[in-house]
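There are 2 protein chains.
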Amino acid sequence: MSVSSRFVRACNKQSTDTVPVWFMRQAGRYMPEYRSVRARHSILEICRTPSLAAEVTITAAEELGVDAAIIFADLLLPAEPLGLKLTFTAGEGPSIEPALRERRQIEQLPDSLRGELGYIAESVRLVDRHFGGKLPVIGFSGAPFTLASYLVEGGSSRNYVHTKKLMYGDPQAWTLLMDKLCRALMEYLTQQVEAGAAAIQLFDSWVGALSEADYRRFVLPFNRRLVEGVQALGVPAIYFSTGTSGYVETVAETGAQVISIDWRVDLAEAWRRMGHRPALQGNLDPVALFAPQNELRAMVQGLLEKAGGRPGYIFNLGHGILPETPVANVKAVTEWVHEYAHAGSI
Amino acid sequence: MSVSSRFVRACNKQSTDTVPVWFMRQAGRYMPEYRSVRARHSILEICRTPSLAAEVTITAAEELGVDAAIIFADLLLPAEPLGLKLTFTAGEGPSIEPALRERRQIEQLPDSLRGELGYIAESVRLVDRHFGGKLPVIGFSGAPFTLASYLVEGGSSRNYVHTKKLMYGDPQAWTLLMDKLCRALMEYLTQQVEAGAAAIQLFDSWVGALSEADYRRFVLPFNRRLVEGVQALGVPAIYFSTGTSGYVETVAETGAQVISIDWRVDLAEAWRRMGHRPALQGNLDPVALFAPQNELRAMVQGLLEKAGGRPGYIFNLGHGILPETPVANVKAVTEWVHEYAHAGSI
Chain A
1 MSVSSRFVRA CNKQSTDTVP VWFMRQAGRY MPEYRSVRAR HSILEICRTP
51 SLAAEVTITA AEELGVDAAI IFADLLLPAE PLGLKLTFTA GEGPSIEPAL
101 RERRQIEQLP DSLRGELGYI AESVRLVDRH FGGKLPVIGF SGAPFTLASY
151 LVEGGSSRNY VHTKKLMYGD PQAWTLLMDK LCRALMEYLT QQVEAGAAAI
201 QLFDSWVGAL SEADYRRFVL PFNRRLVEGV QALGVPAIYF STGTSGYVET
251 VAETGAQVIS IDWRVDLAEA WRRMGHRPAL QGNLDPVALF APQNELRAMV
301 QGLLEKAGGR PGYIFNLGHG ILPETPVANV KAVTEWVHEY AHAGSI
Chain B
1001 MSVSSRFVRA CNKQSTDTVP VWFMRQAGRY MPEYRSVRAR HSILEICRTP
1051 SLAAEVTITA AEELGVDAAI IFADLLLPAE PLGLKLTFTA GEGPSIEPAL
1101 RERRQIEQLP DSLRGELGYI AESVRLVDRH FGGKLPVIGF SGAPFTLASY
1151 LVEGGSSRNY VHTKKLMYGD PQAWTLLMDK LCRALMEYLT QQVEAGAAAI
1201 QLFDSWVGAL SEADYRRFVL PFNRRLVEGV QALGVPAIYF STGTSGYVET
1251 VAETGAQVIS IDWRVDLAEA WRRMGHRPAL QGNLDPVALF APQNELRAMV
1301 QGLLEKAGGR PGYIFNLGHG ILPETPVANV KAVTEWVHEY AHAGSI
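Order-wise, the sequence lines are chains A and B. The opening position of the first sequence corresponds to residue 1 in the numbering used here, with each subsequent residue numbered one higher. The opening position of the second sequence corresponds to residue 1001 in the numbering used here, with each subsequent residue numbered one higher.
Keep in mind that the hints are not guaranteed to be accurate.
Claimed, not checked - The list that follows gives simulated cross-link-like pairs (lysine-lysine, BS3-like), each with its CA atoms no further than 27 Å apart:
#1 Lys1306(B) - Lys165(A)
#2 Lys1180(B) - Lys1165(B)
#3 Lys1165(B) - Lys306(A)
#4 Lys13(A) - Lys85(A)
#5 Lys1180(B) - Lys1013(B)
#6 Lys1165(B) - Lys1085(B)
#7 Lys1331(B) - Lys165(A)
#8 Lys1306(B) - Lys1013(B)
#9 Lys180(A) - Lys85(A)
#10 Lys331(A) - Lys1165(B)
#11 Lys1331(B) - Lys1134(B)
What the hints assert, rightly or not - Here chain A is said to cover these stretches of chain B; the calculated rule only asks that three of the stretch's residues, wherever they fall, bring their Cβ under 8 Å from a Cβ of chain A:
#12 1160 to 1172
#13 1208 to 1221
#14 1233 to 1247
#15 1265 to 1273
Claimed, not checked - Using C-beta positions, here's what the derived DEER-type ranges look like:
#16 Glu1305(B) - Ser157(A): 22 to 32 Å
#17 Phe1088(B) - Glu339(A): 47 to 57 Å
#18 Ser42(A) - Gly1169(B): 31 to 41 Å
#19 Ala298(A) - Ser1042(B): 24 to 34 Å
#20 Pro292(A) - Pro1326(B): 45 to 55 Å
Bear in mind the hints are in silico, worked out from the structure with no lab data behind them. The beta carbon of each residue, even a glycine, is placed where N, CA and C say it ideally should be.
Throw the hints in and build the complete structure from the sequences for me.
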């Protein structure tokens, strides 16, 4: 079996020669090669320059020996073609102006990106050409709730008060916003698939701020629509969220081929609660990568045992790699995961 | 049935005339009376002055008409008698110096508070005397993990990297730290119960940073010990955590009479997963209090229906009341909850 098919086969719950593995934010600040590019360019410059975005994407995937290369991009890129101002301040995180708090602002929002994020598709094209089909490229975007929360709050948030006030206080405006974001994201993801992305991951990083009832009412229908749109393009959809361990069954109703879970739920238990219908991705605590190797190895072995050799398991973290993570540990985990299938232990 | 017994009876899963209700952080910044005291005193001054702490505790409970008064205090007060420096900076949150990163520091930590937090017991005494047994007083402390995480990180944290590095890298030092904190907290809680606290809540606000496996290995035994200690004093223990929706069954193994859950899991589902053994407290999203009253009322009604009239349900939020919360909505919720038992609807 070629490496190229291992990851995509697992997405589709087909058997594989060994467990595929990649890491969210595998091209990031923990890696010296990335830091050296970042020393010369801002995050937005890297995103907007396909040769740079492709370089950091390729370097990370080759350095680690993982089974997929996720394109380097930022969740907030769609803010600009939507007519909003996006800035990153060191230490403060992203800022979006103006924050969308009024129905009038939402009504005026375009519902098309008019192809303006073509530079990301170009990055996908460069990476895919580099690997010549030997390693699948993962395209991605934020899921509608997570993107909406940034736009409504004007940046990161702790309690999502403005987002929920809009949801509860003007459900029609909320629906209009989510509907426009779905259309815009679908254009963006279509560009990426046409450029060669072999799978699409939707990052719903902050949706765990919601109760199950609110998730079902205000978010799930839009996630379903976006997942169906991705699937209609002929590639698998991976739906990632955090903080949703209490309602993984509902999250699985998005219909995504792969559900990516955080580390706050037992892997075997989560898969059982989903009736083993979707493929499962996850769920090592990113901080486990700071542990001594004997402890780390035991944790990796534990997850592989919980996955139990079932087709459709993709090894990953429960969230992105943190800065300061020892690169040697990330490489060691990749090797252990690949070895496991052959020996049943690492 | 007197109001005095409604809350404690529910803690013990006995039947009550109506559903008892109180709110975490009910004496807080959202309330004008509290802000006026805060304008003249720092948080630490209020905590350390029993007449002030009693005043804000009593004012909030009487203003809202709730079924219990939780004493005004801060989770981090035990840091000082442990020999550490505690400061609060506006906008930055708490800071603890020095952060505990080395085994040597943990070995030198005292394992007794030597009665130094007696001012909190005095606050409990003043509040209990004020209500003359007509309203139960809830004492509290941080649970050992949450307190440990503050001491190891030196304040608030996003990823708890230092805490987990200690757990994984030097499990013996971790055990020693948790052991010392259990002893110190037990002294502190004993003082509060002797002063009249009718129940004790343990706040494990940040334990949801852990996987189920890590929770079971590094935290659960100490929570069990502290819960047993509280129960031996003859009052019910309430164990509160957030981010643990994926393993509420394991959380219930603390043995606390009451498990307080956040809003990221369906109330009926969580109680079912715990086999309905403990009493249940929660779990309205604190941001729901910002919703229009018709939406808010529907959410409250929904929770009461999920509790299904089962003895042992205590209405509360899933976490503390947020600043800016409209006081009128908090009062309205209290009234709706009390009305429900009689009519079956609100």
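Here's how the hints hold up against the structure:
Distance hint between Lys1306(B) and Lys165(A) is fulfilled; the C-alpha atoms sit about 24 Å from each other, no more than 27 Å. Restraint check: the Cα-Cα separation between Lys1180(B) and Lys1165(B) comes to about 19 Å, which is no more than 27 Å; the hinted pair holds. The hinted pair formed by Lys1165(B) and Lys306(A) meets the criterion: a straight-line CA distance of about 24 Å does not exceed 27 Å. Only pairs whose Cα atoms come within 27 Å are accepted, and Lys13(A) paired with Lys85(A) is rejected, the gap being roughly 41 Å.
Proposed proximity of Lys1180(B) and Lys1013(B) is contradicted: the alpha carbons are some 32 Å apart, above 27 Å. A distance of roughly 23 Å separates the Cα atoms of Lys1165(B) and Lys1085(B); the hinted pair therefore holds under the 27 Å criterion. Between Lys1331(B) and Lys165(A) the CA atoms are separated by roughly 19 Å; this keeps the pair inside 27 Å, and the hint holds. Of the supplied pair hints, the one linking Lys1306(B) and Lys1013(B) holds, its CA atoms being roughly 16 Å apart against a limit of 27 Å.
For the hint pairing Lys180(A) with Lys85(A), the CA-to-CA distance comes to about 18 Å; that is within 27 Å, so the pair holds. Only pairs whose Cα atoms come within 27 Å are accepted, and Lys331(A) paired with Lys1165(B) is accepted, the gap being roughly 19 Å. Only pairs whose Cα atoms come within 27 Å are accepted, and Lys1331(B) paired with Lys1134(B) is accepted, the gap being roughly 19 Å. With 6 residues bearing a CB less than 8 Å from a CB of chain A, the segment 1160 to 1172 of chain B meets the requirement of three and the coverage assertion stands.
Beta-carbon proximity to chain A at under 8 Å applies to 6 residues in the segment 1208 to 1221 of chain B; the threshold of 3 is reached and the given coverage holds. Note: the segment 1233 to 1247 of chain B has 5 residues with beta-carbon separation from chain A under 8 Å; the three-residue rule is met and the coverage holds. Given as covered by chain A, the segment 1265 to 1273 of chain B passes the check, having 4 residues with a CB less than 8 Å from a CB of that chain where 3 are the minimum. For Glu1305(B) and Ser157(A), the hinted distance range of 22 to 32 Å is satisfied, since their beta carbons lie about 30 Å from each other.
Restraint check, Phe1088(B) to Glu339(A): a C-beta distance of roughly 50 Å satisfies the suggested window 47 to 57 Å. Under the hint 31 to 41 Å, the C-beta atoms of Ser42(A) and Gly1169(B), about 35 Å apart, fit the expected range. In this structure, Ala298(A) and Ser1042(B) break the distance hint of 24 to 34 Å, their C-beta atoms being roughly 46 Å apart. For Pro292(A) and Pro1326(B), the hinted distance range of 45 to 55 Å is satisfied, since their beta carbons lie about 50 Å from each other.
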